[in-house]
Every structure is written in C-alpha cells, then in structure tokens.
Amino acid sequence: MSIDFSYQETWLHKINPSLKLGFVFLLFIHLIMIHNTNILINYMFGTLILYLFFTGHPWKRLMIIFLPFLLIFLTSSTSMIFFGKGDVTWFKWGLIHITEESFFRGLHLGFRGIIFAIIGVVFALTTRPVYLFYSFMQQLKLKPKYAYSFMAAIRLIPLMIEEMQTLHYALKVRGVQSGKGIRGLYNKLKSYSIPLLSQSIRKAFRIAVAMEAKRFSNSGNRTYYYQINFSKVDLVFVFYLIAVFTLSYYMAVQYPYFPITDVRL
Amino acid sequence: MSTVANVKNMRLKFPGVDSLLFKDFSLSLKKGEKVLILGPSGSGKSTLLQVLTGLIPHAVEVPMKTDEINIPDSWGYLFQDPDSQFCMPFVDEEIAFVLENLQIPKEEMNRYIHHYLHQVGLAFKNPHTKIQTLSGGMKQRLAIASVLALEPEVLFLDEPTAMLDSEGTKQVWETIKQVGEDKTVVIVEHKIEEVVDFVDRVVLLDEQGVIIADGSKDEVFASYKQVLLEHGIWYPGVWRDYLNSKPPSPSPSPVSINPSVHLSDFSVYRGKSVKLHIPQANAYPGDWVTIIGENGAGKSTLLLAMMNLLKTKGTCHFLGQDYKSIKNFADHVAFVFQNPEFQFVTNSVYEEAAYSLRLDHWTEEQISPRVNQLLKTYHLENHTHIHPYQLSIGQKRRLSVAASIIKEQSIILLDEPTFGQDAKNTFAILEQLEQLRRQGKTIIMVTHDRNIVEYFSTKVWSIHDGKLANDSSTGEYLESNNHVTGEISYVH
Chain S
1 MSIDFSYQET WLHKINPSLK LGFVFLLFIH LIMIHNTNIL INYMFGTLIL YLFFTGHPWK
61 RLMIIFLPFL LIFLTSSTSM IFFGKGDVTW FKWGLIHITE ESFFRGLHLG FRGIIFAIIG
121 VVFALTTRPV YLFYSFMQQL KLKPKYAYSF MAAIRLIPLM IEEMQTLHYA LKVRGVQSGK
181 GIRGLYNKLK SYSIPLLSQS IRKAFRIAVA MEAKRFSNSG NRTYYYQINF SKVDLVFVFY
241 LIAVFTLSYY MAVQYPYFPI TDVRL
Chain R
1001 MSTVANVKNM RLKFPGVDSL LFKDFSLSLK KGEKVLILGP SGSGKSTLLQ VLTGLIPHAV
1061 EVPMKTDEIN IPDSWGYLFQ DPDSQFCMPF VDEEIAFVLE NLQIPKEEMN RYIHHYLHQV
1121 GLAFKNPHTK IQTLSGGMKQ RLAIASVLAL EPEVLFLDEP TAMLDSEGTK QVWETIKQVG
1181 EDKTVVIVEH KIEEVVDFVD RVVLLDEQGV IIADGSKDEV FASYKQVLLE HGIWYPGVWR
1241 DYLNSKPPSP SPSPVSINPS VHLSDFSVYR GKSVKLHIPQ ANAYPGDWVT IIGENGAGKS
1301 TLLLAMMNLL KTKGTCHFLG QDYKSIKNFA DHVAFVFQNP EFQFVTNSVY EEAAYSLRLD
1361 HWTEEQISPR VNQLLKTYHL ENHTHIHPYQ LSIGQKRRLS VAASIIKEQS IILLDEPTFG
1421 QDAKNTFAIL EQLEQLRRQG KTIIMVTHDR NIVEYFSTKV WSIHDGKLAN DSSTGEYLES
1481 NNHVTGEISY VH
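Just so you know, the sequences run in chain order S and R. Sequential numbering of the first sequence, starting at 1, is according to this note's numbering. Sequential numbering of the second sequence, starting at 1001, is according to this note's numbering.
There could be a bad hint or two in this list.
To be verified - Mimicking EDC-like on lysine to aspartate or glutamate, the simulated pairs with C-alpha atoms at most 20 Å apart in a straight line are:
| no. | chain 1 | residue 1 | chain 2 | residue 2 |
| --- | --- | --- | --- | --- |
| 1 | S | K190 | R | D1200 |
| 2 | R | K1130 | S | D87 |
| 3 | R | K1275 | S | E162 |
| 4 | S | K172 | R | E1061 |
| 5 | S | K190 | R | E1351 |
| 6 | R | K1311 | S | E162 |
| 7 | S | K172 | R | D1360 |
| 8 | R | K1130 | S | E162 |
| 9 | R | K1183 | R | D1206 |
| 10 | S | K188 | R | E1351 |
| 11 | S | K172 | R | E1351 |
| 12 | S | K145 | R | E1061 |
| 13 | R | K1030 | R | D1200 |
| 14 | R | K1396 | R | D1422 |
| 15 | S | K172 | R | D1197 |
| 16 | S | K180 | R | D1360 |
| 17 | S | K172 | R | D1331 |
| 18 | S | K188 | R | D1197 |
| 19 | R | K1467 | R | D1206 |
| 20 | R | K1396 | S | E163 |
What the hints assert, rightly or not - FRET-style restraints, in silico, Cβ to Cβ:
| no. | chain 1 | residue 1 | chain 2 | residue 2 | range |
| --- | --- | --- | --- | --- | --- |
| 21 | S | A204 | R | G1440 | 31 to 39 Å |
| 22 | S | T78 | R | N1295 | 50 to 58 Å |
| 23 | S | P129 | R | S1223 | 53 to 61 Å |
Hints listed in this document are in silico derivations from the structure and should not be mistaken for laboratory results. Glycine residues also receive a C-beta, built at the ideal position from the N, C-alpha and C atoms.
The following block holds chain S by itself, in its conformation from the complex (with noise of 0.2 Å):
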C-alpha cells in the first residue's frame, strides 16, 4: 500500500521550518489570551486563506482535512453553550441550560479551537519532517542523535501501517472476536498492539545498528546536505502575520460582528 500525498510546494513549504515553529508556538500562546470574539474570527480568516490557497495540496484534500474542523467547532462551542453559566437565560430544558453568556463563550471557544486547527494543519501540511529536523539541528542546536532518531522514527510509520493491514486480514481469518463493550476493546488493543510493538522494536534495533554500521556516531561535527537557511520568504511569513494581527484588532474595533468585547464578563 502506498499512500499518494504529493502537493505543490509553495511560499509557505519555504520558510525557515524552525522560524515556522516558533511563530506557530507564539500564535497558539496569544490565542488564549484573546477574549474578543470579533478579533478572533478575523483571525480565522486570516489563517483560513494561508490554509485554503496557500499550502499547495489539492482542494479536495484540503475539504476531506476540513471535515473534523467542523466536528471540532461543534463540540468545543455545544458543551460551553449548553452548559455553561450566565445570567441572560434565553433557554432552558432539564440539565440543558443556554444563556447569552454562555452562548457568545461557546462561540468564542469553537472559533479559538478551529484557528488552533487551521494553524497546526497548515504547518504540518507545509513542512517536511526532514527539513524541520534539519532545521533543529542547524539553528536551534538539537543534537544529531535525536533529530536522525526522530526521522529514522518516522520512515517506519508507513510501514506500521502497512503491517497493520495484515494484521487485520491475519485476525479476520482466524476469525478473532474481541467481543463488546471495554473488554473487547482492551482485547482489540491487545491484539494489535502486541504484535505491532514487536515488530516495530526489532525493526528499531536494526535501524539503529545500520545507523551505527554507517558511522554515525554522537561525537564529531558533521556536514549538512540540506542547509537551511532564513530568507525572503521568512519575512513575508512574518509581515503576513502581523498584518493580520493589526488588521483583526482595527475591524473588529470599527466593524465588530457582536457588541461583546470580552466575553469573560
């Protein structure tokens, strides 16, 4: 089984993967500091065009990723909305209680977890892990053995998943049944993970003995055949940013959507 997932590469694939991390981290800080609705959906559209046109994977994928999104948004926004206090009661069934508070902290929570979303996605979608980890090594100084450890990890997935699909043929014709309720599914985990794990450690092991067989050792500098470097593009990131920062705070001061400012109070 192989699993197709080639994409254009565009400005966002270029900018420095680490300069990416970093900023994709800040932006995650600042989002919880956020308590005005209106600044925060127009930070979803600022995210959401990076993610619709600039990531370089076909629009369908793009929609399949976009599905959960909503199921995300939903959940996080119900639970506040349903449950949540206030004192403006427009609704109220048993245990199920809506208030305009509620209602607005709800929102506030759905839109907060779509962004969070949108940013982790389009930075996954838009770097290779063997950049990022190269990145590491070059500008944040991360040790040769884990950044090689990390990349040798993650060539072995598609192989997992793989082994995985056997497997599931394999305890269909024995004809296992993991029964229902929690302990089928501790049955169900016991059965893949076991031989899954097996598999993966000794394959592991064997990567790290080639790894050794290869001269690659902790001690020693190296050279690099990636370099990774800053560029234009990092600043482009960077002013983009920005501009959508200012940009949600002066509309949503000028045009807001809905008369809350904080929807703490």
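Following the hints, put chain R in place on chain S, whose structure we already have.
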C-alpha cells in the same frame, strides 16, 4: 597475504541464554578473501559478522571477551531487511546521510551520490526519489551504494537477498560481484547457489558456534556433505541429494473431476482500478498449485482475494459453491500468512493450535487428542506451554501451519511458507504439505523457489503484470519455459 581482521579466543553469551554462543572461538580473515560463513539457524553467523566489525559490543551490548581482536580499518555492512536499514525517506538523502557522517562538504555530495548510484547500476533521472517506491532488489542495491560511500576495504554481507525474489537476488549478487572484486568479502547467505562461484573459502559453524570446517569451498562441500545435511544447511546440490534420498513417488491422479477451486473472469479491485485479473483457473482435489511471478505482481493479492478480504468481481467457486455464500468459510479454506507472528492470537502453543476448535465450541475431550496429535506431527509437542513468540523461526512457521489446518480444511492457501527457512525446515514443511495433498486436499501456494515448483507442484499459475498469464500443469509449464530452469541447473 596480510590479515585484515581477526579474533582470538572469543567468548560471547546472550543475556537470558544459559550457554555460551561462542567458546574460545578464533578466526582470521586475509586480505582479498571471499569467505562464505555457513551454519544452521541460531549458530551465530550474524553475531560473528557484528563482532568482526565491532558493532558488538559498541552498538549492540552483548557481554563478550577476547584475547585479541582486530577489526578492519574500513568496512561496510549490508543488512538483510531492505526496509529496516535506511533512516531517510529519499534515495539521495540516504546516501547523503553517510556522506554527512564522513564530513564530506555539501558541495561535493551531489557528485558522490551520482557516482555511487552509478556504481550499483541504479539510474534515476532525479535521485530525489522515494525509497518506498523501489523494488526490493533496488532497495538492496541502494543499500550497497550507501555502503560503498564508506569506501570500505572489507564488505560484510548478512543475507542480503533473503527477502528478495529471484530477479532481485540476481541483480544484487551481480552488483556485489562487480563492486566486491578487489575487496575482502565476508558473506552469510542461505541461497548459496548464487554466490558459490564467487567465494573461495567456506567456514562451517554448528549450533554452538564451533567451527566444524574451514577451507576452500571444494574441500568443504566435498568432505562435509553429511554434516551439512544433518544441520539442514543449504549447499549446492542439496535438492539433488534430497531427491535421491527420497525419490518422489508417482502422485495419485486427481480423485474428482469437479474442481475444488474454480475462478473465472475474476477481478480484484484496489479502489476503483483492477489490481489483478484471472480469466480462468481451476484446481482439483489432490492438486498442488504454485503461484509464481515477480515481487509486486499480485500473488499475495490473489490469495487475499480468494479469502474474501478484498473487493472482487467475477466467479470464485470453492467446492462448487460461490465463495461469498459459503457458510463457515473457515471450515473449508485455511490460510497461512507469510509472517507467522501476525497470525498468533493466544499466549501458548497449545492454545494457538486449539483456537479454531474452541471458536467452534468443541469440548475439551474432543480438542485435546486432536491438538496433541497435530503438535506431534509438527514436532512441537515439547513446547506446548510456551508463548508462540518464543519459538524459533522454523517452529513458528510449523505452528502457524498446524494452527491453520487443524480443522482439516480441504483447501489450503499459503503465502511463501518456506521463506527464510533452512533446508531441514523447508523439507519438513514440504513433506507435511505433500502428505495433505495425498489425502486429497488442494494446496495453493505462493513461492519464489523454482525447485518447489518443479519437484512438488502439480500445477503452475504464473502471474504477470496483474494478470494470470498461465494455468497449466507443471510439466507443460517447465517445457514451455525451458530457459528459466537454467537457474537450477546444478540439480541435474
């Protein structure tokens, strides 16, 4: 000639094992020698290679002691499994990984990458190609290229073609013979017919890692044949000797005129595209069908499709019934997977064999004699209570066969059951299958081994480019494909 590597009075013991694997073991390698190391499974052949390269104890911590050890100044090590010796996803990156380790400047890397790929006969328009998309033979040649990047004077080869089909095996050995001409080469290999004309010295180990024989290849093969036979080691002519000792008796004619397996216009789909098409194929009770074809031609796919695990269209009848409408499918058809570990579902050998019977609610009194008798037939009666994973590779294989056929199904499908087995195990499995065939069962088996096709099968289905190209008796097949039998010419 000068010595490139030697070890004197080595003692080595694996943790958790009672006895020493090597006891006062000494060996030395001369420059330019081509050495073949032979021994039964578990005799420490790979361990020995790892000691001679210093991987033990530096990379793999195993307690060992030597009076004297000298490892070569520069060496390269080729491993068995093409999938677990690369740590990068692309061809160029993999070779670059070695160059980085050697601190070659970035500017020179591209030239080196092309140079080494060219040396092993791999031509890519763009070496930035996914390793995943290569065939097994190409993967191993890529592995050779990255070994060559170390500019080694000694090459250690640890069963480099164990996982490859005959085409891949040929390519890899041709490459090795070319690049290894001027080097010292130490080889561990089961499929020795490919290497025997390349080596000049043979070292023979027994189960405890003691050297039984060490000398020129003619000497060893001539005077130690009995030892080789006893230990189940592959050697040139093992098939001839086996057939001489047990001449195949004429097989009974098929007991029925109705095919037990009938396929017509049978297509296997992956997604929306047809992965494999079988215009027409039949197998009768008492038939032993071998399915042959290159890696990736669709042999395993056919077996999985016949087990109703994939999306199919067309006719597949077992014993006259449409296979999708058969109740208790598992009572009629057995399946043995290539990797036995994947089909073990219980915690002991006994339970493993009894599993299918328990699913059918047999009583303990019914199960016990049946399981015990079967385990005895498959020489597992002394291991009934240990975990299947603790068995040796040959025992695992036998258990997987035993557990699959316990319901005495009339059709048995097997995916390369002799893969990676030594000669003794291979013949044991084949004989047991032959027994079943004589009882009137239908055996359908994927294999790469031409000897099995020629000496055991009654029918050949050859698959080429996702299509059944041939469904004929073995005799007819061999006649029309005379040129390929040259590969096993040493038998005659």
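Checking against the hints above, which ones are violated? Of the numbered hints given earlier, those the structure breaks are 1, 2, 4, 9, 15, 18, 19, 21, listed in rising order.
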